[in-house]
Amino acid sequence: KQEVTQIPAALSVPEGENLVLNCSFTDSAIYNLQWFRQDPGKGLTSLLLIQSSQREQTSGRLNASLDKSSGRSTLYIAASQPGDSATYLCAVEGGATNKLIFGTGTLLAVQP
Amino acid sequence: DAGVTQSPTHLIKTRGQQVTLRCSPKSGHDTVSWYQQALGQGPQFIFQYYEEEERQRGNFPDRFSGHQFPNYSSELNVNALLLGDSALYLCASSLAGGHTQYFGPGTRLTVL
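Chains as they are written, first to last, in the working numbering: chain B, 1 to 112; chain C, 113 to 224.
Pulled out of the complex, with its shape left as it was, chain C reads as follows:
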């Protein structure tokens, strides 16, 4: 049984560009959450998707947007990249109403 997978593993972009990160949830899970982890910090909640809708959002600007597909996989899009967007982006999946989240390995984004 595959766990949570994320792609790509690493990504380098320049300021002002746009990026899309992808996440496939653990088999049977229908809820996907995204977190941003800056170096030396704990992960910060970006948003959560369930039934293809954004269910809750953290304190992130509109440059951060997402999508969930009918197969429950999800994308995180970041527009107009800033140097401060450099971080490890983590995806977590769970069952709706469940409270155990399974994390993927993350995507390391570097903005130059």
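Just chain B, with the same shape it has in the complex:
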């Protein structure tokens, strides 16, 4: 059974700092991995999707890497801003029906 873990559960950093969020999964037979952002009480916004054949994806200040063999992914946020404050969720997709299995998230607070 696939399990997804995110570390740390919460993180507080001063504005401008670079930071890394971690995601690990137990079954390396994944189709893809996605990182989402969730603002309090809101839905999910997809940030980056990495196919299983890819090593990383970049979008603006965000860079996500995937090491399928070790069951790990990282989300790197450069030059953090207060507007980056949110919960960040990673999710893996394992099959043809595109069911997503989520971690419990990392709550990020960027202090001005």
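Calculated from the structure, these hints are not laboratory results. Yeah, the Cβ is synthetic: ideal placement off N, Cα and C, and Gly gets one too. Among the hints, a few may not be true.
To be verified - Here are the simulated SDA-like pairs of lysine to any residue, each with C-alpha atoms no more than 25 Å apart in a straight line:
hint: 1; chain 1: B; residue 1: Lys42; chain 2: B; residue 2: Thr104
hint: 2; chain 1: B; residue 1: Lys1; chain 2: C; residue 2: Gln168
hint: 3; chain 1: B; residue 1: Lys42; chain 2: C; residue 2: Arg220
hint: 4; chain 1: C; residue 1: Lys138; chain 2: C; residue 2: Asn183
hint: 5; chain 1: B; residue 1: Lys42; chain 2: C; residue 2: Glu163
What the hints assert, rightly or not - Going by beta-carbon spacing under 8 Å, a handful of chain C positions derived as facing chain B:
hint: 6; residue: Thr117
hint: 7; residue: Ala150
hint: 8; residue: Phe157
hint: 9; residue: Gln160
hint: 10; residue: Gln168
hint: 11; residue: Phe215
hint: 12; residue: Arg220
hint: 13; residue: Thr222
Dock chain C against chain B, hints included.
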């Protein structure tokens, strides 16, 4: 182009009651998935609908049922509500065979 929409935004019910949540997928999408997100947790997959049939189901009791209409919109029904059913219910749409899911804003259900 409207994204995924869900109604209602918030809902308060009492134990034992029944509830129906609604979802309209993103234009052109034919597959709808439902997720339950308890406070402080990642979303959990409930089920997925395609061509008006339930295609895959997560580990949820039969009290949770759904329906997909010919226009691809979907309903989630929960019978005999329990306090533990209080959560944010998220709907996601995608194209059959596609692997990018678009999430709606969610319905916050509170069971008293």
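For each hint, the structure was consulted:
1. For the hint pairing B:Lys42 with B:Thr104, the CA-to-CA distance comes to about 15 Å; that is within 25 Å, so the pair holds.
2. Straight-line distance between C-alpha atoms of B:Lys1 and C:Gln168 comes to about 16 Å, which keeps the hinted pair within the 25 Å bound.
3. The straight-line distance between the Cα atoms of B:Lys42 and C:Arg220 is roughly 9 Å, inside the 25 Å bound, and the hint therefore holds.
4. Straight-line distance between C-alpha atoms of C:Lys138 and C:Asn183 comes to about 11 Å, which keeps the hinted pair within the 25 Å bound.
5. For the suggested pair B:Lys42 and C:Glu163, the alpha carbons sit about 28 Å apart, so the restraint of at most 25 Å is broken.
6. At about 10 Å, the closest approach between the beta carbon of C:Thr117 and any beta carbon in chain B exceeds 8 Å, and the interface hint on this residue is violated.
7. For C:Ala150, the interface hint is violated, the least distance from its beta-carbon to any beta-carbon of chain B being 10 Å, above 8 Å.
8. Proximity of C:Phe157 to chain B holds as hinted, the smallest CB-CB distance being about 5 Å (cut-off 8 Å).
9. This hint holds: C:Gln160 has a C-beta 6 Å from the nearest C-beta of chain B, less than the 8 Å allowed.
10. A cut of 8 Å between beta carbons decides the hint on C:Gln168: the least distance to chain B is about 4 Å, and the hint holds.
11. At its closest, the beta carbon of C:Phe215 sits 4 Å from a beta carbon of chain B; the interface hint therefore holds under the 8 Å criterion.
12. Because the smallest distance between the Cβ of C:Arg220 and any Cβ of chain B comes to about 7 Å, under 8 Å, the interface hint for this residue holds.
13. Annotation: C:Thr222 was flagged as interfacial toward chain B, and the flag is violated, the nearest CB pair being 12 Å apart, outside 8 Å.
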